[in-house]
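*Asks:* In order, the protein sequence lines correspond to chains A and B. Residue numbers for the first sequence follow this note's numbering, beginning at 7 and rising by one. Residue numbers for the second sequence follow this note's numbering, beginning at -14 and rising by one.
It is possible that part of the hints are untrue.
Stated by the list, open to error - A partial selection of chain A residues facing chain B, derived with a Cβ cut-off under 7 Å:
id, residue
1, 152
2, 239
3, 242
4, 248
5, 250
6, 254
7, 259
8, 262
9, 277
10, 279
11, 283
12, 285
13, 286
14, 287
15, 312
Said to hold, decoys possible - Below, computed lysine to any residue pairings styled on SDA-like, alpha-carbon distance capped at 25 Å:
id, chain 1, residue 1, chain 2, residue 2
16, B, 98, B, 311
17, B, 366, B, 355
18, A, 185, B, 24
19, B, 58, A, 185
20, B, 212, B, 168
21, B, 51, A, 332
22, B, 185, A, 261
23, B, 161, B, 302
24, B, 51, A, 185
25, B, 51, A, 20
26, B, 226, A, 257
27, B, 137, B, 85
28, B, 260, B, 621
29, B, 51, A, 230
30, B, 51, A, 208
31, B, 58, A, 114
32, B, 624, B, 537
Hints were generated in silico from the structure; no laboratory data involved. Note that beta-carbon positions come from the ideal geometry of N, C-alpha and C, so glycine has one too.
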Amino acid sequence: MLKNLLRFIKGIKIDTPLFLGLLVLIGVGMLNLYSSSGQDMSMFLGQLRNVALALTFMLILAQLPPDFYCRWALPAYAGCVLLLILVWKFGTVNMGARRWLDLGIIKFQPSEFLKVIMPIAVAAFITKRSIPIRFSYVILAFLVVLIPTGLIVIQPDLGTAVLVAFSGSVVIFLAGMSKLLICLIGGAAGAYIPIHWKFFMHDYQRQRILTFMDPESDPLGSGYHIIQSKIAIGSGGLFGKGWLNGTQTKLEFLPERHTDFAYAVFAEEFGLVGFVLLMFMYLYVLFRSAYISAHASTTFGKLLGGAITVTFFIYIFINIGMVSGLLPVVGVPLPLISFGGTSMVSICAGFGILMSIQTHKEEKLF
Amino acid sequence: MIFPFSLFRKETPAERYRVKDKSDDEGNTVFGRLCFSMFVIICLTCVLFVREYRLQIQEYSTYETKSDNNRIKIVPIAPDRGLIYDRNGVLLAENRQVNALVATPSKSDDIKKAYDEINGMLGLGLDENDKKAFMEQIRQGRAFQQIPVTDKLTEKQMAVFAVNRFRFPEFSVVPKLKRFYPMGDLLTHVVGYVARINTKDQEKIDAEGKTENYAATQDIGKLGVEKYYEDLLHGKSGYRKVEVNNRGREIRVIESHAPTPGNDIYLTIDVNLQKKGYELLKGKRAGLIMIDPNNGEILASVSSPSYDPNLFVRGITRKEYSELLNNPDRPLINRVSVGNYSPASTIKPLMAFMGLNEKMVTTGTRFFGAPYFTLPGSTHKFRDWRKWGHGWMDIYRAIEISADTFFYDLAYRSGIDRINRYMSMFGFGQPSGIDVMEESMANLPSRDWKRARHHRDWYPGDTVSIGIGQGYWTTTLLQLVRAHSILTQHGHNVVPHFMLASASREGREQNVTDRSLIIKANSELNWKVPLQGMYLVVNGPEGTGRRAFAGARYVAAGKSGTAQIIGIKQDQKYNANAIRKEHRDNALFVAFAPFDQPKVVAGIILENLGGGSRFAAPLVRRMLDAYLDPATEKAREEKLRKEAGEGTEENGEEH
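Chain A on its own, in the form it takes in the complex (with noise of 0.2 Å):
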């Protein structure tokens, strides 16, 4: 009985490096979730819950083979777009954006799936093709990547957007892309991006923009997330006033500081050595993860680990981007340290198929 147990437990496909990394950054979060909540230990646990309930999604990602992520991403990903469609001419309303699916039981976005999904399905599309990826290829990889993330757009939601059409143009940009596609696509992007202001954006998202540019503009409006965050990470200073102690997060002067704003917290309660303690541990991950995509067997996999990679260190960037006042505000959590189930377990499958990618090694020999 014993015996099979521990056999049980010996077969189960965990990359241990990856595991620690992962387990050591979201009890960071944790530790910051407790203080930005006031010490709220409901809250606490209800975070928790998410967490196991993600890490469990992981493990079970993890014993699944690569090759059945490759065999089952483009039935997925057009069942996604079919949702995407229903959302467009069914879904629910709500401020203004048309996001949700609202079944009865649940409601969802479909959009957020298509974070998970995109690079599975883009990462399988080129793999039956030659590397490095020819002209044609890249276009339809590239229609691939933008039927859902208009679909997204015209929600409006610019911010899952961009991300989604990123997470899965990495996966062409890995499976060598040329360099000069690369340099015109910039440029056109360069060029488009006026009209787009112009012409494409809602009021609220150019609000957002202006307000990045001068957050001082609107000190009680739509500046106000930003100045009170910059106020909280700047007085945090080299070591930073203390776990618990972050005045501007005790005293509730900053906003949304479980969720979206949960680095100002860290940064005000641990000051800059807290920044790089964190940026450590999260290259830590990072390297770990592309050594994974480096060292895997197929190139499904190693186009699949290195995008997931990259994305993963995308959502880090933009949310210190934006709470350091480096871009502008988007709904963007902290990878696993923000509050919040979606986005915890989003982020967990991914790393579940690496582990999955880094641990089916052997079976791909035949």
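Please arrange chain B on chain A, whose structure you already have, making use of the hints.
*Replies:* Here is chain B on its own, set in the frame of chain A:
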């Protein structure tokens, strides 16, 4: 293979083999891109580091200050206002604890609704004007400042509020000190009152650089001693440094500096005398003042009718105020230091001093008092008050019987310039130095004044009327009594004042006023003669005040006056019953006692009542009795109370 069919098809082993076959080449491509990605990640991490370094190290002090400004608020604490006592320590103005409902708004949209709801729930009876004023204060107020809603919460309203408190997070009940005047309307024109600081007051406070000291103060002195001694009474504000959260709620006190309470003020007023005077003048439009001529202390100062100052402290309603304003007896007018009256015959002793000092008359001068006086080359008759005249007289008798013709003649010979110079020295047309703001300088006429005011030259006829205190000459009762006080002091200055002493934690400080010689006489006799004349008014066989002062157990001296309100035509007789009430004569009487060593100078003005000796003199007598001979006055009071309702004694009408 044709896209999209390939998407849903399982790979064949051959395909997989093909992929694997090229895997080295492909691996290199992906590996290269992966390395490049990691390089970009490192670079972007460095960008983040630079950003954090800038915020947390380079701009640390800026953000630390901003963080402290966020959480630390300075809450000013109002000092306790100094109390006001009478000369014997009777409390005249105190601070009582009230329960005030205040709002600490964070968003003004919600507060409007909550205000209405609370108003209805507690039955506060606040109307649209109150609401408008309240919203205006919120608009102007600093963040997290407490805005008063009402000061008058009853026990029941407090209980109702306490139960529903959770519904109104912006509102709270705070105990507060509120000014209260236990004497009611007795001393309104002396003590004055405090009321809510309005926009004009605030501008003044700001202009005088007292903004910080008044940060928590809600009321300011608006009248009387409360206004004049505002700085003394107010004290110095303190503050608390507190940590607040984002809704302005205080989390903890960091440090605290207690305010310094204002000084207490002791007034020169004797409340018992004040009450006596107030009772005597009840129902009349009248003023009364009693001064100690030795030091200028005002023992009593009554302006009747009066009103309750507490109305203004709690915030007078529009209706209440318009009632006060439109009352025909005009209670808002201070009849002691603001009301302008013709001094009439009361100034004759002062004119006599001028005549003697200027050698226009001597004690040996003989004058025949005809029924009237005419200017050379004119037929206009300046009539004496006695139709048949007074016959031969000297200067003493001229004062005793108040002979108008004597003073017509004296004034005519002296000329307006000389009269103006002397009467200025006695303080007419000048500020008296009294310590309240409500003072009129009245009008001591001169050639320049007439030219500026009426665009006409001064006529000799104008001077004649001035000789008996009529015509263009107006005074306040305060000026009149001060002038007589200076007379009793042989030219030494008398500055009437209300503050006896101020007391703080450091101790008590006596208020000392100027006593220097301001009028120099050529001879001591020039002082003694007019005073002797006043002695005869009260004690002489023909004195106009002799009946009123009969049987007094001290020696008094005085002078009556009856001021005409309207001109009487040349062939007309004054008949009190035939003319409208507000055109009847004003009665005046000024007296001092004891004669040898004056301890008090008293003056009374009664509007539209008639002759000074008949109506004003008996009241002055009773005031002097109350001060110098309280036993007699007490006995009289009791006797009067017993006889209440029976007829009053008849007095002959004299000037």
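*Asks:* It remains to establish, for every hint, whether it holds in the given structure.
*Replies:* Hint check results:
{"no.": "1", "hint": "152", "in the structure": "violated (15 Å)"}
{"no.": "2", "hint": "239", "in the structure": "holds (5 Å)"}
{"no.": "3", "hint": "242", "in the structure": "holds (6 Å)"}
{"no.": "4", "hint": "248", "in the structure": "violated (14 Å)"}
{"no.": "5", "hint": "250", "in the structure": "violated (14 Å)"}
{"no.": "6", "hint": "254", "in the structure": "holds (6 Å)"}
{"no.": "7", "hint": "259", "in the structure": "holds (5 Å)"}
{"no.": "8", "hint": "262", "in the structure": "violated (13 Å)"}
{"no.": "9", "hint": "277", "in the structure": "holds (6 Å)"}
{"no.": "10", "hint": "279", "in the structure": "violated (9 Å)"}
{"no.": "11", "hint": "283", "in the structure": "violated (12 Å)"}
{"no.": "12", "hint": "285", "in the structure": "holds (6 Å)"}
{"no.": "13", "hint": "286", "in the structure": "violated (10 Å)"}
{"no.": "14", "hint": "287", "in the structure": "violated (12 Å)"}
{"no.": "15", "hint": "312", "in the structure": "holds (5 Å)"}
{"no.": "16", "hint": "B/98 x B/311", "in the structure": "violated (37 Å)"}
{"no.": "17", "hint": "B/366 x B/355", "in the structure": "holds (11 Å)"}
{"no.": "18", "hint": "A/185 x B/24", "in the structure": "holds (16 Å)"}
{"no.": "19", "hint": "B/58 x A/185", "in the structure": "violated (58 Å)"}
{"no.": "20", "hint": "B/212 x B/168", "in the structure": "holds (18 Å)"}
{"no.": "21", "hint": "B/51 x A/332", "in the structure": "holds (19 Å)"}
{"no.": "22", "hint": "B/185 x A/261", "in the structure": "violated (40 Å)"}
{"no.": "23", "hint": "B/161 x B/302", "in the structure": "holds (21 Å)"}
{"no.": "24", "hint": "B/51 x A/185", "in the structure": "violated (47 Å)"}
{"no.": "25", "hint": "B/51 x A/20", "in the structure": "violated (47 Å)"}
{"no.": "26", "hint": "B/226 x A/257", "in the structure": "holds (16 Å)"}
{"no.": "27", "hint": "B/137 x B/85", "in the structure": "holds (6 Å)"}
{"no.": "28", "hint": "B/260 x B/621", "in the structure": "holds (16 Å)"}
{"no.": "29", "hint": "B/51 x A/230", "in the structure": "holds (13 Å)"}
{"no.": "30", "hint": "B/51 x A/208", "in the structure": "violated (33 Å)"}
{"no.": "31", "hint": "B/58 x A/114", "in the structure": "violated (44 Å)"}
{"no.": "32", "hint": "B/624 x B/537", "in the structure": "holds (17 Å)"}
Consistency with the previously given hints fails for numbers 1, 4, 5, 8, 10, 11, 13, 14, 16, 19, 22, 24, 25, 30, 31, ordered from lowest to highest.
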